[in-house]
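Participant: What follows is the residue order along each chain.
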Amino acid sequence: MTGTVGRRRRPSTFAPLTPISPRARVTFGIAFFVLFFAAWSVATWGGFVKPLFLADPLKTFAAGWRLFVEFGFAGDVAVTISRVVGGFVIAALLAVPLGIAMGAFKPIEAFFEPFVSFARYLPASAFIPLLILWLGVDEAQKLAVIFIGAFFQIVLMIAVLIGETRRDLVEAAYTLGAGSRGIVLRVMLPYAAPQIAETLRLVLGWAWTYVIVAELIGADSGIGHMIMDSQRFLDTGQMIFGIFLIGAIGLVTDLGFRAVNRLLFPWQLGR
Amino acid sequence: MAAVSIEGVGREFPGVRGGPPTRAVEPLDLTIADTDFVALLGPSGCGKSTLLRIVAGLDQATEGRVLVDGREVEGPGADRGMVFQSYTLFPWLTVCENIGFGPRERGVPPAERRTIADRLMAQVGLTGFADHYPRMLSGGMQQRTALARALANDPAMLLLDEPFGALDHQTRSLMQELLLQVWEADRKTVLFVTHDIQEAVFMANRVLVMTARPGRIKTEVRVPLPHPRHWRMKTTPEFARIEEELTESIREEALRAAAMNA
Ligand SMILES: Nc1ncnc2c1ncn2[C@@H]1O[C@H](COP(=O)(O)OP(=O)(O)O)[C@@H](O)[C@H]1O
Ligand SMILES: [Mg+2]
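Chains G and V, in that order, give the protein sequences. Numbering-wise (numbering that gives the first Met the number 0), the first sequence opens with residue 0 and increments by one. Numbering-wise (numbering that gives the first Met the number 0), the second sequence opens with residue 0 and increments by one.
All the given hints hold, so there is nothing to weed out.
Calculated cross-link-like contacts (lysine to any residue; reagent style SDA-like; alpha-carbon spacing at most 25 Å):
(1) V/Lys233 x V/Arg205
(2) G/Lys105 x V/Gly74
(3) G/Lys105 x V/Gly17
(4) G/Lys105 x V/Glu104
(5) V/Lys217 x V/Ala239
(6) G/Lys105 x V/Phe12
(7) G/Lys58 x G/Gly246
(8) G/Lys105 x G/Arg165
(9) G/Lys105 x V/Gln59
(10) V/Lys233 x V/Thr34
(11) V/Lys217 x V/Met259
(12) G/Lys105 x V/Arg16
(13) V/Lys217 x V/Ala256
(14) G/Lys105 x V/Pro13
(15) G/Lys58 x G/Phe47
(16) G/Lys105 x V/Gly14
Computed Cβ-Cβ distance ranges for the label pairs, DEER-style:
(17) V/Ala184 x G/Pro265: 32 to 40 Å
(18) V/Glu219 x G/Pro15: 51 to 59 Å
(19) G/Ile242 x V/Glu111: 52 to 60 Å
(20) V/Leu66 x G/Pro15: 49 to 57 Å
(21) V/Arg186 x G/Gly178: 24 to 32 Å
(22) V/Gly17 x G/Pro15: 40 to 48 Å
(23) G/Gly178 x V/Gln180: 29 to 37 Å
(24) V/Leu254 x G/Leu262: 55 to 63 Å
(25) G/Val33 x V/Ser43: 56 to 64 Å
(26) V/Arg134 x G/Ala109: 32 to 40 Å
(27) G/Leu262 x V/Arg250: 50 to 58 Å
(28) G/Gly178 x V/Gly164: 28 to 36 Å
(29) G/Ala109 x V/Asp153: 36 to 44 Å
(30) G/Leu262 x V/Asp153: 32 to 40 Å
If you're looking for bench data, these hints aren't it; they were derived computationally from the structure. From the three backbone atoms N, C-alpha and C, an ideal C-beta is built for every residue, glycine too.
Starting from the given sequences, assemble the full structure and let the hints guide the process.
Facilitator: Here it is as structure tokens:
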């Protein structure tokens with residue numbers, strides 16, 4: 000009858016919000032990939048899906064190897080990455096300042112917000128035929144698709160984030176002698192900075208979708224172009240590898256973004 | 000240093016969705032002499048914060064005006080330092096950088112800011128915490144930093160809106176002594192809002208009792224206790240007498256406020 004009184008309850012791993020060790024987090028994350036590959040292997044090698052529709056993992060990676068070694072795929076990957084980064088950076092450079100101005104100054108917001116909200120719903124991919132007409136099939140057209148897809152989204156989300164700056168912090172800054180410029184640059188901007196970085200990370204992910212669509216429709220290089228080409232030869236291995244590679248690049252940039260955010264915003268560690 | 004004169008200042012908030020407007024502060028007059036320490040005491044919701052925010056320039060009076068050293072208040076400024084009840088340190092700045100925020104806005108160079116911050120951190124007992132971020136600090140330490148941050152501009156007056164309201168009893172007593180020491184050293188004009196009677200008597204030279212909403216100044220009680228004050232003064236008969244007088248007065252208002260909200 001000893002030991003029942005005052006026994007310490009161990010928190011269950013599945014109690015809400017119970018933290019998980021970094022090691023367990025990585026293990027769980029990798030476990031899903033393992034399961035995913037296992038399911039894929041069973042589906043293909045087990046004969047559940049015809050090879051014509053879905054290549055098996057080995058064929059897929061062999062196709063990837065051939066793409067890089069024989070068809071200079073690295074060049075396509077570089078072209079696509081440069082398009083995504085180029086379009087995204089141009090959009091962000093223009094959208095972030097406008098978003099900040101809108102979030103901070105209500106007349107500016109009243110002027111731009113209705114149009115930006117409208118423009119945000121214009122599907123970037125629907126512009127592709129028009130953009131081909133205007134800009135041809137060159138880089139400018141690819142950048143324009145990404146720009147349209149990213150710019151309006153970034154503007155709106157940043158305007159909201161800046162506008163949500165805690166009022167009491169703004170008031171405290173006023174009583175410390177800050178003017179409009181100080182409030183915007185040294186209160187609102189640092190307050191919203193971590194979430195602005197999060198927003199950019201999110202939109203960069205969308206930019207990948209736009210670039211691939213643009214490359215599927217009118218391009219002679221890039222990952223999307225390769226996927227389109229492979230379809231003609233019914234090479235599902237190559238197609239799947241292309242899609243996979245985009246996911247992998249996305250995952251790596253995501254991890255990079257997060258690491259940079261941790262470095263840039265040390266005050267919110269442990270949040 | 001600053002003398003404040005509040006002339007017929009009142010505040011009415013517009014009604015919500017066409018409802019009747021809320022009168023938070025009845026037009027009132029009040030003068031605060033240079034270097035005086037005045038406590039504004041009243042039940043919750045009686046308009047204390049509203050009045051303080053008007054003096055700070057964070058809110059506009061619907062009638063009347065506030066003069067600080069003869070100049071009309073038109074907006075917030077570094078001459079009136081403020082400490083809020085809620086924690087308002089900038090989370091992205093360290094203790095040292097938070098304290099240096101005001102000087103930075105005035106264009107004070109970094110080395111000089113550091114000197115100011117070091118001196119204030121010593122004064123409020125935060126030496127060794129210069130590089131801590133606010134989330135690493137206890138509530139008491141955050142409010143000490145907020146006080147140091149307000150003092151860094153060397154303001155003519157301090158406006159304090161229940162700055163210790165969220166702190167536990169022990170921490171609160173220590174903070175009261177700290178603020179008293181600061182006042183005894185610098186003799187800045189202080190307007191201190193609280194609903195804690197003992198706190199008001201212990202620190203202030205004049206205690207003003209506000210009525211329940213709409214706020215007016217109901218009575219004024221002078222606190223003739225000498226400076227420097229020691230916490231043991233809280234147990235003297237004189238202290239108890241003033242406290243009782245104020246308790247009586249504010250009890251009526253608290254009852255009225257309760258009846259009004261029922
Ligand atoms: N922005 C506002 N809009 C409408 N009513 C307000 C606003 N601020 C305060 N009030 C009202 O004014 C009264 C006084 O508020 P406040 O000054 O915060 O009181 P205290 O600080 O004494 O608790 C309250 O009844 C409150 O509801
Ligand atoms: Mg209040």
